[in-house]
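2 protein chains.
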Amino acid sequence: MRIGILISGRGSNMVAIVEAVKRGEIPNSEVVVVISDKANAAGIEKAKERGIETLIIPKAKQTREEHDARIVEELKKREVDLVCLAGYMRLLSKVFIDAFPNRIVNIHPSLLPAFPGLEAQKQAVEYGVKISGCTVHFVDEELDHGPIILQRAVEVKQDDTPETLADRILQYEHQLYVEALKLIAENKLEIKGRRVFLRQEFQKNA
Amino acid sequence: MRIGILISGRGSNMVAIVEAVKRGEIPNSEVVVVISDKANAAGIEKAKERGIETLIIPKAKQTREEHDARIVEELKKREVDLVCLAGYMRLLSKVFIDAFPNRIVNIHPSLLPAFPGLEAQKQAVEYGVKISGCTVHFVDEELDHGPIILQRAVEVKQDDTPETLADRILQYEHQLYVEALKLIAENKLEIKGRRVFLRQEFQKNA
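For the protein sequence lines, the chains are Y and P, in the order given.
Under our numbering, the first residue of the first sequence is numbered 1, with each subsequent residue one higher.
Under our numbering, the first residue of the second sequence is numbered 1001, with each subsequent residue one higher.
FYI, nobody ran anything at the bench for these hints, they're computed from the structure.
Where hints are given, some of them may not hold.
Under the rule of at most 20 Å between Cα atoms (straight-line distance), these lysine to aspartate or glutamate pairs were calculated in the EDC-like manner [unchecked claim]:
{"#": "1", "chain 1": "Y", "residue 1": "K76", "chain 2": "Y", "residue 2": "E25"}
{"#": "2", "chain 1": "Y", "residue 1": "K157", "chain 2": "P", "residue 2": "E1201"}
{"#": "3", "chain 1": "P", "residue 1": "K1192", "chain 2": "Y", "residue 2": "E126"}
{"#": "4", "chain 1": "Y", "residue 1": "K192", "chain 2": "P", "residue 2": "D1160"}
{"#": "5", "chain 1": "Y", "residue 1": "K192", "chain 2": "P", "residue 2": "E1179"}
{"#": "6", "chain 1": "P", "residue 1": "K1157", "chain 2": "Y", "residue 2": "E179"}
{"#": "7", "chain 1": "P", "residue 1": "K1188", "chain 2": "Y", "residue 2": "D37"}
{"#": "8", "chain 1": "Y", "residue 1": "K157", "chain 2": "P", "residue 2": "E1141"}
{"#": "9", "chain 1": "P", "residue 1": "K1188", "chain 2": "Y", "residue 2": "D159"}
{"#": "10", "chain 1": "Y", "residue 1": "K192", "chain 2": "P", "residue 2": "E1126"}
{"#": "11", "chain 1": "P", "residue 1": "K1157", "chain 2": "Y", "residue 2": "E190"}
{"#": "12", "chain 1": "P", "residue 1": "K1192", "chain 2": "Y", "residue 2": "D160"}
{"#": "13", "chain 1": "P", "residue 1": "K1192", "chain 2": "Y", "residue 2": "D159"}
{"#": "14", "chain 1": "Y", "residue 1": "K188", "chain 2": "P", "residue 2": "D1159"}
Here chain Y stands alone, though its shape is the one from the complex:
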C-alpha cells in the first residue's frame, strides 16, 4: 500500500504513521510522499528528516478544483493507493474525492458527528461534554462527515483547557490512526452506505 500524506501544520499524525510503517505495524506499506499546502508547515522538515519525499503545493490563485487536481496529479504519478489527511486544513473537492474513491482517510479530534470543523477540542470544552475523543473516517465531500472506521472515547476533565484536552486526545489519535491504517492495509474493511464493517471472515479473530 503506497501512502501519500497531506499536511498543513506540524504533522504529528503524519510522523506517527511514518514511524508505524517503519516499525512494520502497517503491513506491506510505504509512505511515498508528504504534501503540504503551506510552505512553512513544520511537518515538512520532520518528513525530510525521515527520508520521505516532500512537496509544497500552495493553493495560490488557483481554484479549489485546480489546486486539488495538481495534488491528485502528483499522487497518481507516485502510484499512491491511499491518501491520509493529517491536519490538512482544506476541504477536498469532488475532483479529489472521485480520484480516490474510498481511499482517502482523515482523523478528527472529536467523536463525530459532535464538533466537526475547526478547534473541535475547544468546542468540546465550551459545550461542557464529559466525554470527547477522536474519529478516523473515510473522507467525502462534506466536512468531517464520511463513513467512520474507528472511534476512541477520551474523558474530558473538569479542569481541562482546550490545550490540555487536545494534548490528551492527540495521544489516542496516533494509536487510532495507525490501527485504522492497519485494517485498511490488511483489506479487512467493507463500506456499506455510511457504515464500515469488519469483513465477515475477520470478525471472529478481530
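Assemble chain P onto chain Y, guided by the hints.
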C-alpha cells in the same frame, strides 16, 4: 430532596430512580410523585406497585404553557425540589423551566450533542458511529441541550440494530441517572455557564 418524575411510557429510568432511593443510594431523598402525560403509560402501574403517588395530566386541548403550568402546580403543591424527566416526550416551555431553575434533569440515550431528539439509538446506528452512550443533563428550553452532568460511552457493535444498541445503553442509563442524582442530593455540583463542575471541596474525594 423531594423528587417528582415525569414519564410518557414504560418508565424504566423512573423505576431505577425509585429503587435506588429505596436502597438509600440517593441520600435524604424521596420520590413523591410520578406524573404522566399519557393515560396509558406503562410506567404508571409500576409506580403504583411501588407505592408512589401517580397523576395523569394529559395535554388535551390546552396550550403547551397551560399544560406545563398544570404540572408545575401539582409539583409545587407537593413541594418537589427536583424534577426528573424519564422518557417524558414533551419539550418543556419557559413556564416550566423558570419554575425549577437548574432543578430539572433529563437523560438522553446518546453522547450529546450528537443525536438529539427522537430515536437517538437509531440515529447512531444509521450514522455508523462506533461509540455512542448516554447523557444526564440539566434541562433548558432547547431540546436535549442543557448543561451536562455526566456522560457514559457505550460501544456500538457492528451487528447492532437500534434495538440491541438501545438495550445496551439502557443498562448504563440506569446507573448514570442514579449517580447524577446522588451528586445533586449531596449538593456537590456547581453550574457555570454550560459547564457543570464538582464543587472544589469535593474534588479530592471524588
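Consistency of the hints with the structure:
1. For the suggested pair K76 of chain Y and E25 of chain Y, the alpha carbons sit about 25 Å apart, so the restraint of at most 20 Å is broken.
2. Under the criterion of a C-alpha separation no larger than 20 Å, the hint pairing K157 of chain Y with E1201 of chain P is consistent with the structure, at around 16 Å.
3. This hinted pair checks out: K1192 of chain P and E126 of chain Y have alpha carbons roughly 11 Å apart, not beyond 20 Å.
4. Among the hinted pairs, K192 of chain Y with D1160 of chain P is consistent with the structure: their alpha-carbon atoms are about 14 Å apart, no more than 20 Å.
5. Between K192 of chain Y and E1179 of chain P the CA atoms are separated by roughly 38 Å; this puts the pair beyond 20 Å, and the hint is violated.
6. Distance hint between K1157 of chain P and E179 of chain Y is fulfilled; the C-alpha atoms sit about 17 Å from each other, no more than 20 Å.
7. A threshold of 20 Å between alpha carbons decides the hint, and for K1188 of chain P with D37 of chain Y the separation of about 49 Å lies outside it, so the pair is violated.
8. Distance check on the hinted pair: K157 of chain Y and E1141 of chain P sit about 26 Å apart at the alpha-carbon level, beyond 20 Å; violated.
9. A threshold of 20 Å between alpha carbons decides the hint, and for K1188 of chain P with D159 of chain Y the separation of about 16 Å falls inside it, so the pair holds.
10. With a C-alpha separation of about 11 Å, the suggested pairing of K192 of chain Y with E1126 of chain P holds against the 20 Å cut-off.
11. For the hint linking K1157 of chain P to E190 of chain Y, the alpha-carbon distance of about 15 Å falls within 20 Å, and the restraint holds.
12. For the proposed pair K1192 of chain P and D160 of chain Y, the alpha carbon gap of about 14 Å is at most 20 Å, so the pair holds.
13. Taking the CA atoms of K1192 of chain P and D159 of chain Y, the gap is near 13 Å; set against the 20 Å cutoff, the hint holds.
14. This hinted pair checks out: K188 of chain Y and D1159 of chain P have alpha carbons roughly 16 Å apart, not beyond 20 Å.
When the structure is compared with the earlier hints, violations turn up for hints 1, 5, 7, 8 and for no others.
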